[in-house]
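Novice: Sequence:
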Amino acid sequence: MKAQVWVMLKSTVLDPQGTAIQQALASLGHAAVRDVRQGKFFVLDLDNLDRAAAQAEVERIAREVLTNPVIEDFRFEIVEDAKPALAGQAGQQK
0 MKAQVWVMLK STVLDPQGTA IQQALASLGH AAVRDVRQGK FFVLDLDNLD RAAAQAEVER
60 IAREVLTNPV IEDFRFEIVE DAKPALAGQA GQQK
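When you number the sequence shown by numbering that gives the first Met the number 0, it's gap-free, plus one each residue, and the end is 93.
Treat the hints with care, since some could be wrong.
[Claimed, not checked] Within a straight-line C-alpha distance of at most 20 Å, the following computed SDA-like cross-link-like pairs (lysine to any residue) qualify: (1) Lys1 <-> Ile60; (2) Lys1 <-> Gly28; (3) Lys1 <-> Val42; (4) Lys1 <-> Ile70; (5) Lys1 <-> Phe75.
Worth flagging that the hints you see were computed from the coordinates, not collected in a lab. The structure presented is a predicted model; accordingly, all values stated were derived computationally and were not measured.
Could you build the full structure based on these sequences and the hints that come with them?
Specialist: Here it is in structure tokens:
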């Protein structure tokens, strides 16, 4: 099974990278984008754990290793090994 972990700055923390991205989008004509928050995404490949043990392990990893709890929040999802198609992958342009 796999774990997907999303890490984002807390809403009370300024996000200069998100601001820069939003400004770049506006300058390229994407005026409908009001705000951008930039974050991190991790995929952890897990072996030999049941779902409950996987959830406990991933929560511990996210809290102790992947985030700075002072300025970042996280969420995660445990998923089966099926490989979903991701929109926007190279070669899938219309």
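Novice: A separate judgement is required for each hint: does it hold in the structure or not?
Specialist: For each hint, the structure was consulted:
1. Lys1 <-> Ile60: holds, 13 Å
2. Lys1 <-> Gly28: violated, 38 Å
3. Lys1 <-> Val42: holds, 7 Å
4. Lys1 <-> Ile70: violated, 26 Å
5. Lys1 <-> Phe75: holds, 10 Å
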